[in-house]
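**Student:** Here the structure of chain C is known, so what remains is to put chain B in place on it, guided by the hints.
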Amino acid sequence: MNDKKILELEYSTHDSDRMRINVGPQHPSTHGVLRLEVEIDGEIVTEVVPHLGYLHRSFEKHCENMTYPQITPYIDRMDYISAMNNEWPYVMALEKMMDIKVPEKVDYIRVIIAELNRIANHQIAVATFGMDAGAFTPFLYFFRDREYILWIFEKLCGARLLYNYFRVGGLSADIYPTFKEECLDVIKKVRKTNAEVMNLLINNKIFLQRTTKIGILPADVAINYACSGPVLRGSGVKYDLRKDETYSIYNKFDFDIPVGKGAAGILGDCWDRNMVRMDEMEQSCKIIEQALAQMPAEGDVKAAIPKKIKLPKGEVYMRAEGPKGDLGFYIVSNGSDKPERVKARGTSFVNLSVIPEISKGYMFADLILILGSIDIVLGEVDR
Amino acid sequence: MLPNEIYNNLKTEFGDAIIEYNDAQPTDPFILISTDKLFDVCHTLRDNEEFLFDYLMCLSGMDLGDSMGVVYHLYSMTHKHKVVLKVSAPKSDPRVPSVEKIWRTADWHEREAYDLLGIQFEGHHNMIRILCPYDWEGHPLRKDYKVPEFYHGMKVS
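Sequence order for the protein chains is C and B. Quick note on the working numbering: the first sequence kicks off at 1 and runs consecutively. Quick note on the working numbering: the second sequence kicks off at 384 and runs consecutively.
Only chain C is shown next, with the shape it has when bound in the complex (with noise of 0.2 Å):
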């Protein structure tokens, strides 16, 4: 039904005039303040010209008038759903600058939190793609495991979802008592719920049709768009910061990298990028056991850093690997405590930037799919 051979037959029999519609800014299926432009023939996509900066916040200007500290929290309100992994590149990259070394506990408890953030956000990513599908309850099951791990980081640094937890040199505050069998526990509900999901949804027939075949993204079109994170290795690269230019600890621990196979229909489409998310949270539960196990019990979660954070006269770029994908920070300083300039690379603004190559000759209803499969959120996507 969805194969995109007897969609261009049909096409070309039929002559029916364009149609130009409007999806969003203001529609729930595109997750945020997305615009696009549609053309239709009938109800094939014919063309998709997507409209940003309905979100635009200038994060960039205002960084310039701010000091190094101060640009943390605006950085968790880019990626909001995963503001932990969001910090951690831009502090690795003041570190890098600076010359500090972060204690070894730190580090530990960085990976954790990441992993875990990781989680959350493929939990909303799977949960909204299956909403686009149709599918319901998935959606509660994810809300619901994701709420433990929020309060896992309500209780390390007192906010749900912004936290500014990050510091450089260091975090906010330290573990508490009970972080070690809380993170356990969360690592539990997360595996039995995905072990119901994968009956529930993934490989739920109505599911498959819907998302198997459609939105095919081949590995050379993806790379050449710089797509990164799961929309990349669900066309088949192995590609992952955390193995291919390890950073913090992550060499420490023994983690795969899951790829698209092209195991329920065509390699690169959108059942296969929903499909290595849900792996990927498999492998972050491994990470975290792990690094719970090996964390060393007692140290310091501060390094010894100025009391004015100054970067020498110079620049770097920094990336780390987020849920999305690549997260960069490309930071330029004049030796003042305020940058010179704040480029920040979108994983969402780069990963969008292939919809109106891969939504092309497929069914409208399609194209909400393919959009929520690339999992995107705009606060990143405009910044």
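Just so you know, the hints here were simulated from the structure itself, not pulled from any lab data. Note that beta-carbon positions come from the ideal geometry of N, C-alpha and C, so glycine has one too. Worth double-checking, as some hints may not be accurate.
Said to hold, decoys possible - Chain B is nowhere near these chain C residues, computed Cβ spacing over 12 Å in every case:
(1) E39
(2) K105
(3) P177
(4) I202
(5) A219
(6) C227
(7) V237
(8) D254
(9) V342
(10) S353
(11) K360
As the list claims (entries may be wrong) - Here are the simulated BS3-like pairs of lysine-lysine, each with C-alpha atoms no more than 30 Å apart in a straight line:
(12) B:K484 to C:K238
(13) C:K192 to C:K180
(14) C:K61 to B:K474
(15) C:K313 to B:K469
(16) C:K310 to B:K474
(17) B:K394 to C:K61
(18) C:K61 to C:K307
(19) B:K463 to C:K261
(20) B:K465 to C:K338
(21) B:K484 to C:K360
(22) B:K538 to C:K338
(23) B:K538 to C:K310
(24) C:K313 to B:K463
(25) C:K101 to C:K302
(26) C:K101 to B:K463
(27) C:K96 to B:K469
(28) C:K101 to B:K529
(29) C:K61 to B:K469
(30) B:K469 to C:K286
(31) C:K155 to C:K188
(32) C:K338 to B:K474
(33) C:K205 to C:K188
(34) B:K529 to C:K96
(35) B:K538 to C:K313
(36) B:K463 to C:K252
(37) C:K261 to B:K465
(38) C:K310 to B:K484
(39) B:K529 to C:K61
(40) B:K529 to C:K313
**Tutor:** Same frame as chain C, now just chain B:
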């Protein structure tokens, strides 16, 4: 391949178009390239067997005070090496060749640099604003930018 080897190889092929190799700063060294040869250099960097820079990590516009600059962060999926390229253009009429045809990801990055800094990318198929409204005046990330008081009768600041 290390950045200085890349620089030497490019220097032998392009000569004067490769202006400078700078490793004076504490982190990533960069290669300064003549603006009019940028497209050819980038094409070589992507397709030459020893470079194979198929992944444009980031493209950022810069206001350098008396000129405008563009910075390219490249990565190779095959060789796993990185390089930073820089070009500059005069501030009165900044024009830089577009690399959109080499790396499609540059499309939106270049539109962003045009939107926020007013750098014109020659050869780009659709050089319009991306983040600000289409009828916005001025380029906000320029150091001499003055925030307008009103936008369509609405108070801005």
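**Student:** Going straight from one Cα to the other, do K101 of chain C and K302 of chain C come out at no more than 30 Å?
**Tutor:** Between K101 of chain C and K302 of chain C the Cα gap is close to 10 Å, so the pair holds against 30 Å.
**Student:** For K313 of chain C and K469 of chain B, compute the direct alpha-carbon distance and say whether it is at most 30 Å.
**Tutor:** Holds, at about 17 Å.
**Student:** Holds or violated: is the Cβ of D254 of chain C farther than 12 Å from all Cβ atoms of chain B?
**Tutor:** holds (21 Å)
**Student:** At 12 Å, judged by beta carbons, does K105 of chain C keep clear of chain B as stated?
**Tutor:** Correct as stated: the minimum Cβ-Cβ distance to chain B is 26 Å, above 12 Å.
**Student:** Would the hint linking K101 of chain C and K463 of chain B be met if the CA-CA limit is 30 Å?
**Tutor:** Given pair K101 of chain C, K463 of chain B holds - Cα atoms ~25 Å apart, limit 30 Å.
**Student:** According to the definition I'm using, a residue is off the interface if its beta carbon is farther than 12 Å from all beta carbons of the partner; does P177 of chain C meet that for chain B?
**Tutor:** holds (39 Å)
**Student:** Just checking, V342 of chain C versus chain B, shortest CB gap more than 12 Å?
**Tutor:** violated (9 Å)
**Student:** Please verify whether K96 of chain C and K469 of chain B have alpha carbons no more than 30 Å apart.
**Tutor:** holds (21 Å)
**Student:** Has the given pair, K313 of chain C with K463 of chain B, been kept, meaning a C-alpha gap of at most 30 Å?
**Tutor:** Judged against 30 Å, a Cα distance of about 27 Å means the pair holds.
**Student:** Could you grab the alpha-carbon distance between K205 of chain C and K188 of chain C and see if it respects the 30 Å cut-off?
**Tutor:** Judged against 30 Å, a Cα distance of about 27 Å means the pair holds.
**Student:** Does the alpha-carbon distance linking K465 of chain B and K338 of chain C stay inside the 30 Å limit?
**Tutor:** Distance of about 27 Å is within 30 Å: holds.
**Student:** Hint check: K310 of chain C vs K484 of chain B, CA-CA at most 30 Å. Holds or violated?
**Tutor:** violated (39 Å)
Hints 5, 6, 7, 9, 10, 17, 23, 28, 30, 34, 35, 38, counting from the list given before, are not met by this structure.
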